[in-house]
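Participant: Between the sequences and the hints, there should be enough to build the whole structure, so can you do that?
Chains Z and E are the protein sequences, given in the same order.
By numbering that gives the first Met the number 0, the letter at position 193 of the first sequence is numbered 192, and the numbering carries on one by one without gaps.
By numbering that gives the first Met the number 0, the letter at position 50 of the second sequence is numbered 49, and the numbering carries on one by one without gaps.
What the hints contain is simulated information worked out from the structure, not anything from laboratory work.
Treat the hints with caution; some may be incorrect.
Same chains, same names: a pair is fine if it fits in one copy or spans any two.
In the DSS-like style, the derived pairs of lysine-lysine whose C-alpha atoms are separated by at most 30 Å in a straight line are [said to hold, decoys possible]: (1) Lys24 - Lys97; (2) Lys141 - Lys64; (3) Lys97 - Lys16; (4) Lys99 - Lys16; (5) Lys24 - Lys121; (6) Lys99 - Lys24; (7) Lys141 - Lys24.
One-letter residues, chain by chain:
There are 2 protein chains.
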Amino acid sequence: MSSFIVAIGRNYAAHAKELGNAVPKEPFFFLKPTSSYIQPGEGVVELPRGTVVHHEVELGVVIGKPGRDITPDAAFDHVAGYALAVDMTARNIQDVVKAKGLPWSTAKGFDTFTPIGPFIPKSSIPDPTRVGLHFSLDGQVKQSGLTNGMIFPIPQLIAFVSSIMRLEEGDLLLTGTPPGVGPLNPGQTFKATLTYPELDGPILSSFSF
Amino acid sequence: MSSFIVAIGRNYAAHAKELGNAVPKEPFFFLKPTSSYIQPGEGVVELPRGTVVHHEVELGVVIGKPGRDITPDAAFDHVAGYALAVDMTARNIQDVVKAKGLPWSTAKGFDTFTPIGPFIPKSSIPDPTRVGLHFSLDGQVKQSGLTNGMIFPIPQLIAFVSSIMRLEEGDLLLTGTPPGVGPLNPGQTFKATLTYPELDGPILSSFSF
Ligand SMILES: [Mg+2]
Ligand SMILES: [Mg+2]
Ligand SMILES: [Mg+2]
Numbered sequence: 000m001s002s003f004i005v006a007i008g009r010n011y012a013a014h015a016k017e018l019g020n021a022v023p024k025e026p027f028f029f030l031k032p033t034s035s036y037i038q039p040g041e042g043v044v045e046l047p048r049g050t051v052v053h054h055e056v057e058l059g060v061v062i063g064k065p066g067r068d069i070t071p072d073a074a075f076d077h078v079a080g081y082a083l084a085v086d087m088t089a090r091n092i093q094d095v096v097k098a099k100g101l102p103w104s105t106a107k108g109f110d111t112f113t114p115i116g117p118f119i120p121k122s123s124i125p126d127p128t129r130v131g132l133h134f135s136l137d138g139q140v141k142q143s144g145l146t147n148g149m150i151f152p153i154p155q156l157i158a159f160v161s162s163i164m165r166l167e168e169g170d171l172l173l174t175g176t177p178p179g180v181g182p183l184n185p186g187q188t189f190k191a192t193l194t195y196p197e198l199d200g201p202i203l204s205s206f207s208f
Numbered sequence: 000m001s002s003f004i005v006a007i008g009r010n011y012a013a014h015a016k017e018l019g020n021a022v023p024k025e026p027f028f029f030l031k032p033t034s035s036y037i038q039p040g041e042g043v044v045e046l047p048r049g050t051v052v053h054h055e056v057e058l059g060v061v062i063g064k065p066g067r068d069i070t071p072d073a074a075f076d077h078v079a080g081y082a083l084a085v086d087m088t089a090r091n092i093q094d095v096v097k098a099k100g101l102p103w104s105t106a107k108g109f110d111t112f113t114p115i116g117p118f119i120p121k122s123s124i125p126d127p128t129r130v131g132l133h134f135s136l137d138g139q140v141k142q143s144g145l146t147n148g149m150i151f152p153i154p155q156l157i158a159f160v161s162s163i164m165r166l167e168e169g170d171l172l173l174t175g176t177p178p179g180v181g182p183l184n185p186g187q188t189f190k191a192t193l194t195y196p197e198l199d200g201p202i203l204s205s206f207s208f
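Facilitator: Quick look at the structure:
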């Protein structure tokens, strides 16, 4: 299976602004290697020497049915379900490569840079604009945002990505992070949580590292 | 298997210069999705609407033994063999994203953007610095370069990439392109050829689209 992780950047206006970036007029994405996955219980998330690692809690969309040039109307037919994920980012490396016009792969691609929770079937989240995404560090809430803040909703994202490359079963689409990103320090414990419906709804997924 | 394509940028000084880029002081890479592979006989290479697609003929290194933090001395133990490949690039998209500090994934990731020939066992290329890489368009030679022109040789590339992410069996490392890149136009036929040893040696691999 040719699985990959395709991650959308700056898909929440408040997050784009907190990093001093313009709000994009069309979606853009980068690829993360599947070697960056780490599931709860598999070990620790690396903070590589010399890096400033930021957390970005995100809703992951798991593709269930392959397709190219998928229309927004048909997009949910291609979704098998969801997963809670964190798009770890070596922010200092990203700042350097952005300034130089270089690819983002190093900043986003270290092993363990995509912590991910268990698969959530599509039926558990009938309306993916009402998902709450939360991230806390040593018990202190850092991110807490609703997926209705996405600039480009899931159908548009699937249409855009699949206009460039064929999606396959098992591919993961990371849909961007709400505001509140910041650094992780050695020894800190973090917790990611997905609630539905809304920010104060029942917990559908939660994991700690 | 978590296969990916990791592609090194600007690894031949003459190619970096032909695009007006600085010669890098350390390697950098980007990821291509494995969905971009196309093998001879599988169809045509896409020239997506609105794109200016450049050819970059490259030596691909196929990983045979998994590893992280591989030393340059041990690098060839992790190599199973080689493949001739073309790193197709939507140059106009790449120019725009470079200027904006955005990721390169779209420019490099379209379906069919990694034409690739059959596997060449390591034993057929005892010295990978003596490989000839050739690309012709409608019978006219556009690229013809020797792999001894690499700024960072294969052991350094494997050490660099594996310092960031674990390599697995089947992963492909594209090692950069010699000078002579340029656009493909609709209706043109191209041919990529790998010779060994040297530019005028026997043909080990060749394919046309
Ligand atoms: Mg795929
Ligand atoms: Mg992100
Ligand atoms: Mg290239």
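Participant: For each hint, tell me whether it holds in the structure or not.
Facilitator: To see whether the hints hold, each was checked on the structure:
1. Lys24 - Lys97: both (18 Å within a copy, 17 Å between copies)
2. Lys141 - Lys64: neither (35 Å within a copy, 40 Å between copies)
3. Lys97 - Lys16: Both ways: lysine 97 and lysine 16 sit 16 Å apart in one copy and 20 Å across, limit 30 Å.
4. Lys99 - Lys16: Both ways: lysine 99 and lysine 16 sit 21 Å apart in one copy and 16 Å across, limit 30 Å.
5. Lys24 - Lys121: Answer is within: at 28 Å inside a copy they meet the 30 Å cutoff, but 47 Å across does not.
6. Lys99 - Lys24: Both, since 22 Å and 13 Å are each at most 30 Å.
7. Lys141 - Lys24: For lysine 141 and lysine 24, only the intra-copy Cα distance (27 Å) is at most 30 Å; the inter-copy one is 37 Å.
Of the numbered hints stated above, the single one contradicted by the structure is hint 2.
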